[in-house]
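Q: Listed below are the residues making up each chain.
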Amino acid sequence: MIEARQLTKTFRDKKRGEIIAAEDISFRVSPGQIYGLLGANGAGKTTTLRMLATLLQPTRGGATVAGFDVVRDAAKVRANVGFLAASTALYGRLTAREMIAYFGRLNGLTGAKIKERTQQLAADLEMDDFLDRRCDKFSTGMKQKTSIARTLIHDPAVMIFDEPTLGLDVMAARTIVRFVRDCRNRGKTVIYSTHVMSEVEKLCDVVGIIHGGKLLAEGTLPELRARTGETDVEEIFVKTVGGDQP
Amino acid sequence: MNWPNIATIYTKELRDMLRDRRTLLSMIIIPTLVMPAIMALIGFISFKIVREARATAPTVMLIGGDDSPAVRAALAANDKVKIVPAAADWKQRISDKKVRAAVELPAGFDAALAQGASAAVKIYNYEGEMRSAFAVTELRRFFNDYRDKEIAGRLERRSLPAELVKPFELKTENVAPPEKVGGNVIGGLIPYLFILLAFTGAMYPAMDLTAGEKERGTMETILCSPVARIDLVLGKFLMVLTASLSTVLFSLLSMSLTFLVGGSLFAKFGAGAAAGAAKTAAAAGPALPSLDPLGMLAVLGMVIPVAVLFSAALLAISLFAKSFKEAQSYVSPLIIVIILPAVVGMLPGVELNAKLALVPILNVSLVSKELVSGVWQWPYLALIFGSTCVYAAAALGLAVKMFQREDVIFRS
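As they're listed, the protein sequences go chains A and B.
Anchor point for the first sequence: position 37 equals 37 in the numbering used here, and the numbering is continuous, going up by one each time.
Anchor point for the second sequence: position 171 equals 171 in the numbering used here, and the numbering is continuous, going up by one each time.
Heads up, a few of these hints could be off.
Each pair of labels, with its calculated beta carbon distance range [said to hold, decoys possible]: (1) A:243 to B:3: 54 to 60 Å; (2) B:354 to A:5: 55 to 61 Å; (3) B:407 to A:126: 37 to 43 Å; (4) A:5 to B:3: 48 to 54 Å; (5) B:340 to A:5: 27 to 33 Å; (6) B:411 to A:40: 19 to 25 Å; (7) A:5 to B:1: 45 to 51 Å; (8) B:3 to A:123: 46 to 52 Å; (9) A:181 to B:230: 36 to 42 Å; (10) A:5 to B:332: 20 to 26 Å; (11) A:30 to B:411: 33 to 39 Å; (12) A:5 to B:329: 38 to 44 Å; (13) A:40 to B:14: 39 to 45 Å; (14) A:123 to B:41: 39 to 45 Å.
Simulated from the structure, these hints should not be mistaken for laboratory data.
C-beta atoms are modelled at their ideal positions from N, C-alpha and C, and glycine is treated no differently.
Start from the sequences and build out the full structure, keeping to the hints where you can.
A: Next comes the structure, spelled out in structure tokens:
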């Protein structure tokens, strides 16, 4: 379960002064649900998700993730979250097995538990062929699978995905989409940020449209369609954010 | 602080680093093989040059003195210099190093001596040039002897005792223990090398574990784990410290070996060489092994807080950078900052005092010079160790603080 309450984040920039990256963002995501955060580049998706993953502290407002407060119990939040982003890479000089085990240990798992989980994840994700090879030699697909295994090693209740398909080819992107759906089917609480409209249609139960740091609209796709009078997701998005920009 | 987590991070970083060829190169191969090889090579070449220079008599041009056959004959008989005939462009020839020195005899030199008068002999040299210096030393020795003989003759002719012109003898004798002599000669060099190696050893891993991780995207991955940032910094810091100290340790081991093996080789060379060369080897010989081994260990002990200071400061600075390249541009100029106080410590005449004992790096450089000489100044040692620990703790504090700053971690 994720509950964001007026999450706000401001940054100070020497040249531009105070920048509001996210402002009063509130939403709820229940277990077994995928919440899609749809927005253009620089809309505030990454900042919002980083606050939920406790990488950034909110300037104002707050959030509860898996029952823990993101400010007061940051470590407990992280212990219950799997965070996968295009920017979260692997250690190139470690093997996939070592990478997974490293995060298992940091999540407090015992050696036996890590072994058991690694075996299970490797079987689920078809990783056996490259489990003992170094990550820097991996194809994009292998890297994705290893990253997924890394986020799942401690079997977190909440999954946060920040544009995980960014820069991936079709096949690698499909693996991710399948995996996100799997997470929902296993009853995990999932939040998924993207600017790819087709992914929203394929995956998300609820969609939040974020623009200029503000959550402008929220609802299921049929609800958004009814509200905007548009059927195409792209048109819904454009209409919500105030039309085409020059 | 969660020690199991710190240990997990440290172990992973260690494994990661040991698989990196660049780290192995800067941590083990360069200090173990390259540094002593360079030192041995420089030593061997300079030894050879000095030996050859001493073995071959420097050419000296004789100007004037056509009317003084006695002194000319004495000079020609001296095989330590090679007399060449005068030429009009003698100054140019000295500058071109075709002739090492020139000696100018005034007209009627022999006659002036015979009459008991005084004459002035002038030596021309090329200041700062080794062979020219050899020629001058030899010419001075020759003319001093020549003058002494002349004085003795004049006194004898007047039936006066030799003591008349020698009211007292002046002698100098070294009372410093051999370690002290060795300490002063290379005592400044060893801590200087250790300080420099402690820095260069920490440099690459510090940049790789911070800016490098940011650049590769693994920093965000590790920040997503439940590990606390303080544990993350400490794990990384311990790794950088390990690299720094290993670099010092490997170089110490290999330098000791070089001295042991090289020292005996040096002695052999000296015995087989010409008389002059043997003297050089004998002079250099005892200085090398006579460094106080306990003092050397103490130097290593003093370098530990310096390595802590370097590791923590380098981590904090490199973390600020967005990329490895940017980190390099911050860190590389620091080498000059490190070298300066270490070099000042090597200068002769710079002595330790209470104020200098508080200047980081310079204090360790100065006290180490004393330590390898077998001199233990306990109050200074305590002050320096203590102050360096304080600086190191402050640097570590800064590194922890930097890791907690969002604008540093996610600087873009």
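Q: Please check whether residue 243 of chain A and residue 3 of chain B have a Cβ separation lying inside 54 to 60 Å.
A: The hinted range 54 to 60 Å holds for residue 243 of chain A and residue 3 of chain B, with Cβ atoms some 57 Å apart.
Q: Okay, residue 181 of chain A versus residue 230 of chain B on CB: inside 36 to 42 Å?
A: 38 Å, holds
Q: Assuming the hint says 19 to 25 Å, is it satisfied by the Cβ distance from residue 411 of chain B to residue 40 of chain A or not?
A: 23 Å, holds
Q: Regarding residue 40 of chain A and residue 14 of chain B, is the given constraint of 39 to 45 Å on their beta-carbon distance met?
A: Holds, at about 43 Å.
Q: Verify the CB-CB distance for residue 5 of chain A and residue 329 of chain B against the hinted window 38 to 44 Å.
A: Hint holds: Cβ distance 43 Å, inside 38 to 44 Å.
Q: Take the C-beta atom of residue 340 of chain B and the C-beta atom of residue 5 of chain A, compute their distance, and say whether it sits inside 27 to 33 Å.
A: 55 Å, violated
Q: Could you check the hint for me, namely that residue 5 of chain A and residue 332 of chain B are 20 to 26 Å apart, CB to CB?
A: Given a distance of about 47 Å, which is not inside 20 to 26 Å, the answer is violated.
Q: Hint says 39 to 45 Å; check whether the CB-CB distance for residue 123 of chain A and residue 41 of chain B agrees.
A: Once the Cβ atoms are compared, 58 Å apart, the range 39 to 45 Å for residue 41 of chain B and residue 123 of chain A is violated.
Q: That 45 to 51 Å hint for residue 5 of chain A and residue 1 of chain B (C-beta), does it hold up?
A: 32 Å, violated
Q: Indicate whether the distance between the beta carbons of residue 5 of chain A and residue 3 of chain B respects the range 48 to 54 Å.
A: 36 Å, violated
Q: Measuring from beta carbon to beta carbon, are residue 3 of chain B and residue 123 of chain A in 46 to 52 Å?
A: 34 Å, violated
Q: Does 33 to 39 Å hold as the CB distance between residue 30 of chain A and residue 411 of chain B, or does it fail?
A: 36 Å, holds
This entry does not satisfy hints 4, 5, 7, 8, 10, 14, going by the numbered hints stated previously.
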